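The primary structure of each chain is shown beneath.
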Amino acid sequence: MATTTLTPAATAYRSGLYEWLTTTDHKKIGILYLVNSFLFFFIGGIFALLVRTELAQPGLQILHDELLYNQLFTMHGTVMIFLFIIPVLVGFGNYVVPLQIGAPDMAFPRINALSFWMLPLGGILLLLGFVTGGTAQAGWTSYAPLSEDRINGLASSGPGQDLWLMALLLIGTSSILGGINFLVTIFKMRAPGMTMFRMPILVWTVLVTSVLVVMATPVLTSALIMLFIDRNYGGHFFDPSTGGNAILWQNVFWFYSHPAVYIMVLPAMGMISEILPVFSRKPLFGYKAFVFATAGIGALGFSVWAHHMFTTGHVFLPFFSLMTFLIAVPTGVKMFNWIFTLFRGKLTFSTPLLFALGFLSMFLIGGINGAFSAAVPVDFALQDTYWVVAHLHYVLFGGSVFGVMAGLYYWFPKMTGRMLNETLGKTQFVLMFVGFNMTFFPMHQLGLAGMPRRIADYASNMGWNDLNLLATVGGFMIASSMIPLLWNIFLSLRAGKPAGDDPWEANTLEWATTSPPPPYNFDRLPEIRSERPLFDLRHGRTSH
Amino acid sequence: MTASSGAITTGDPGHAVSEHNPVAGLAHDSRGGISNPILGMILFICSEVMFFSGLFAAYFSVRASTVHWPPGVAEGVPTALAERFNLHAEPFYAAGLTAILVTSSFTCQFAVWAIRRNDRTGLIRNIAVTLILGIVFLLGQVYDYSTIGFGISDTPFGTTFYTLTGFHGAHVFGGAVMLSVILYRGLAGQFSSRHHDAVEAVSLYWHFVDVVWIALFSTLYIL
Chain U
20 MATTTLTPAA TAYRSGLYEW LTTTDHKKIG ILYLVNSFLF FFIGGIFALL VRTELAQPGL
80 QILHDELLYN QLFTMHGTVM IFLFIIPVLV GFGNYVVPLQ IGAPDMAFPR INALSFWMLP
140 LGGILLLLGF VTGGTAQAGW TSYAPLSEDR INGLASSGPG QDLWLMALLL IGTSSILGGI
200 NFLVTIFKMR APGMTMFRMP ILVWTVLVTS VLVVMATPVL TSALIMLFID RNYGGHFFDP
260 STGGNAILWQ NVFWFYSHPA VYIMVLPAMG MISEILPVFS RKPLFGYKAF VFATAGIGAL
320 GFSVWAHHMF TTGHVFLPFF SLMTFLIAVP TGVKMFNWIF TLFRGKLTFS TPLLFALGFL
380 SMFLIGGING AFSAAVPVDF ALQDTYWVVA HLHYVLFGGS VFGVMAGLYY WFPKMTGRML
440 NETLGKTQFV LMFVGFNMTF FPMHQLGLAG MPRRIADYAS NMGWNDLNLL ATVGGFMIAS
500 SMIPLLWNIF LSLRAGKPAG DDPWEANTLE WATTSPPPPY NFDRLPEIRS ERPLFDLRHG
560 RTSH
Chain R
4 MTASSGAITT GDPGHAVSEH NPVAGLAHDS RGGISNPILG MILFICSEVM FFSGLFAAYF
64 SVRASTVHWP PGVAEGVPTA LAERFNLHAE PFYAAGLTAI LVTSSFTCQF AVWAIRRNDR
124 TGLIRNIAVT LILGIVFLLG QVYDYSTIGF GISDTPFGTT FYTLTGFHGA HVFGGAVMLS
184 VILYRGLAGQ FSSRHHDAVE AVSLYWHFVD VVWIALFSTL YIL
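Protein chains in written order, with the working numbering: chain U, 20 to 563; chain R, 4 to 226.
If we strip away everything but chain R, and leave its shape as in the complex, we get:
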């Protein structure tokens, strides 16, 4: 080290390296802008969008190469079954599920707004309502599966229907697990207006799951 290299700057001594989060304690992490976990969640959601794009592409590809969609009597499907396939005829049940999930997106956002105001009670109440609505949605989907009358191996329509809705359901389940963690941590008093990245990140994910369902509902029941 020569004297001419006086240009070297020393690290910020104010940020001690802690055993539990050595990286976050260093100077680079606290320069403003979007936080690491939220940027990470946004990128993860980007990858999830591409995952569902693959499934949707498959749906439209199979649909385009099939003459009767949903499959009708012409292809040897029993009449009763053919009626079950016709989701257009009875979209009300799915519309109800849609309403539940969209409502839960609102309550989730209310929870975020609450903790931004440092309102911990509001956070806990709204997250609890969101979680309950998510569970109701999942139970509703299970009930729908049990009554719908066709299976995953019944025609390409059945395959795409169960794959798309099934993977969406799995994502709702994952979101519900995340919400449970948020609820637990909220009850333990771990969040404040300054420290609630996890709430923001989970809420982004929950909105994403909601948007996927809206796309699914439009595709499967309306289009």
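Same shape as in the complex, but just chain U:
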């Protein structure tokens, strides 16, 4: 099937560490993104396990210093969001998008490498706090004036918060450059015949995500700089006691961080929209509706940031509540797209499809429990309880991370030329799915029972003991699900079954080249007459 043959000179990779450190090949950079992101996923996971272990029982057992507990959940949130979920999706985008549009590479390969290398640097800066007297400890949201460290007793003892600011500046710059790179690549580098409405859905979601990145991330940069000036040069932006405005931080921060929620989930939606049709043997139901829904989510995403601030009393509640509910409309459209793609399909329950179904079901719960919080009176009761923790993990873990796993099992054969083991994959799915629900479903009840988030200890007579223990056991179950994954990857890289060009009989262009693809990807391309060029090729159809 459409095997590309290249001259030996063109396929020869220069080997060695030097090649990986200096590469500008989008595929190698994509793999670097993935490896780096999973490294930080495990670091952030260890922080989460420490937090969960401490919360398993009332009283302080392992973390006797409550400030250390604050540092751990701050680092857990920051690492998972900025160094895992966002970059891991960029990694998949980097690898797959140029292939799917039939391009030889990203538009700016060297800027692409720069974008990547800022990430490990930012991560090191962030975690350096642990050896310089304490990391940031004001939560991943770093609300001012708490993050200004001017309150005696709560102040951080080291430069951790400044390191947090510098790290996020670097990671943000990396995001912006990456977003510009994706946009130029998608607008300018498409193969002949690849019109906008023939682009795979993943490319569309990366496009909308990149618009969000380019328009929202610089606002976070401005917030970070203002906080840095406040902390280091005696500025007065956010401290009300000196004439600043504390709500300003929340506004500017969430103006980025709410669109960032869609930055963290749209590419995962795109990934499962590639996977569901392939394993249902059907085209995606309602391609254009899906595209417009994606654009709609992106546009609405800019008008809902203040739903994080309902209880401040400084926002226009009806507007932000209405806009938040409106987001359910395009999201619901997508749900119908996915469900009707599966409907009467010839399903093969391979691991990628299992994780994609995990995404569908868990993201649905995350959407529904989020809609509760969009109702202003309900939000006043749920604000800052474990309900919020449950909601955000159902969206970001149940949604994005399940999507990432689906993508990993789906594209791993393309990246390495080797299949992953199905039994180990299904074992991982079961462990992760059960562990995830065991960890985060009880948090709904804990939140309704009034347990606040970000506490290291709670009284034993609150009725929270059993559910917390259950959540902790679930947390370790999630951690154990990483063992089959790593073992699977190890076995596959050593002696996995060769994948061939197109092991899934898929529809998009990345499967038209070899696995792994050669530098600059394609020697020649199939004719592109629809959004499923390989389907057309298999069935001898050259027109849609």
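Since the hints were made in silico from the structure, they are not lab data.
Source: prediction; values computed, not measured.
Backbone N, C-alpha and C define an ideal beta-carbon position, used for all residues, glycine too.
One or more of the hints may lead you astray.
[To be verified] Using C-beta positions, here's what the derived DEER-type ranges look like:
1. R:99 / U:330: 46 to 52 Å
2. U:481 / R:82: 54 to 60 Å
3. U:40 / R:214: 37 to 43 Å
4. R:190 / U:61: 49 to 55 Å
5. U:216 / R:214: 30 to 36 Å
6. R:63 / U:368: 52 to 58 Å
7. R:63 / U:542: 53 to 59 Å
8. R:70 / U:216: 54 to 60 Å
9. R:139 / U:344: 51 to 57 Å
10. R:102 / U:542: 55 to 61 Å
11. U:482 / R:214: 57 to 63 Å
12. U:505 / R:214: 48 to 54 Å
[What the hints assert, rightly or not] Some chain R residues near chain U, calculated using beta-carbon distances under 10 Å:
13. 38
14. 40
15. 49
16. 55
17. 67
18. 74
19. 155
20. 156
21. 163
22. 170
Mind docking chain R on chain U? Use the hints.
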């Protein structure tokens, strides 16, 4: 590969993959429309607009929650200092700086028009004048800072003033570095009417920096 897949088209053999710019040599890159670097610069400027929007939002937010703006004697600021804060009273110096920067935008555009006509001398002369005007603006801003009489930690007004003008100044500095590169490359004869994307991109950036200053001048000195 079956015979029925005769629909496969081969790549354009006329575009060899070169070691120095392998991507640009491929067929996809040369299909007309806006060039990659210029589109990249426009998107970068979009992100910069959002960055300054954040700073301006902060300015107006802090200003709206402050009773006396600029801060007056009522808030315990010494009278002499309060007068320094009153930028409305003496906008002439800043107006001069504005004139310098706006002029430099014109000379920058003249440089672009010159190289579009393949007039390399015109490019070099106009870029040189633009660079000099940019440096004069920066020196003027440094002089302004040294005489203005309040610092970044003096009241929210001082904080917003120095943050906004400081980051604008940093962007002018960045633009001046870019102009220097353009000047160097222009002197080396690297530009022609067919090959001058860098000149176009830097000129877009310079105009953006100019527009930000006009917004800053209007906000800080007039509004």
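Outcome of the hint check:
1. R:99 / U:330: 46 to 52 Å: holds (49 Å)
2. U:481 / R:82: 54 to 60 Å: At roughly 58 Å between Cβ atoms, residue 82 (chain R) and residue 481 (chain U) fall inside 54 to 60 Å, so the hint holds.
3. U:40 / R:214: 37 to 43 Å: Once the Cβ atoms are compared, 40 Å apart, the range 37 to 43 Å for residue 214 (chain R) and residue 40 (chain U) holds.
4. R:190 / U:61: 49 to 55 Å: Holds - the Cβ-Cβ distance for residue 190 (chain R) and residue 61 (chain U), about 52 Å, lies within 49 to 55 Å.
5. U:216 / R:214: 30 to 36 Å: With a Cβ separation near 35 Å, residue 216 (chain U) and residue 214 (chain R) satisfy 30 to 36 Å, so the hint holds.
6. R:63 / U:368: 52 to 58 Å: holds (56 Å)
7. R:63 / U:542: 53 to 59 Å: Given about 56 Å between the Cβ atoms, the range holds.
8. R:70 / U:216: 54 to 60 Å: Given a distance of about 55 Å, which is inside 54 to 60 Å, the answer is holds.
9. R:139 / U:344: 51 to 57 Å: holds (54 Å)
10. R:102 / U:542: 55 to 61 Å: holds (58 Å)
11. U:482 / R:214: 57 to 63 Å: holds (60 Å)
12. U:505 / R:214: 48 to 54 Å: At roughly 52 Å between Cβ atoms, residue 214 (chain R) and residue 505 (chain U) fall inside 48 to 54 Å, so the hint holds.
13. 38: holds (8 Å)
14. 40: Because about 8 Å separates residue 40 (chain R) from the closest Cβ in chain U, which is inside the 10 Å limit, the hint holds.
15. 49: Constraint on residue 49 (chain R) satisfied, holds at 6 Å.
16. 55: Since chain U brings a Cβ to about 8 Å from residue 55 (chain R), closer than 10 Å, the hint holds.
17. 67: holds (8 Å)
18. 74: holds (8 Å)
19. 155: Holds, because the Cβ-Cβ distance from residue 155 (chain R) to chain U comes to roughly 5 Å (cut-off 10 Å).
20. 156: holds (3 Å)
21. 163: holds (8 Å)
22. 170: holds (7 Å)
Every hint from the earlier list agrees with this structure, and none is contradicted.
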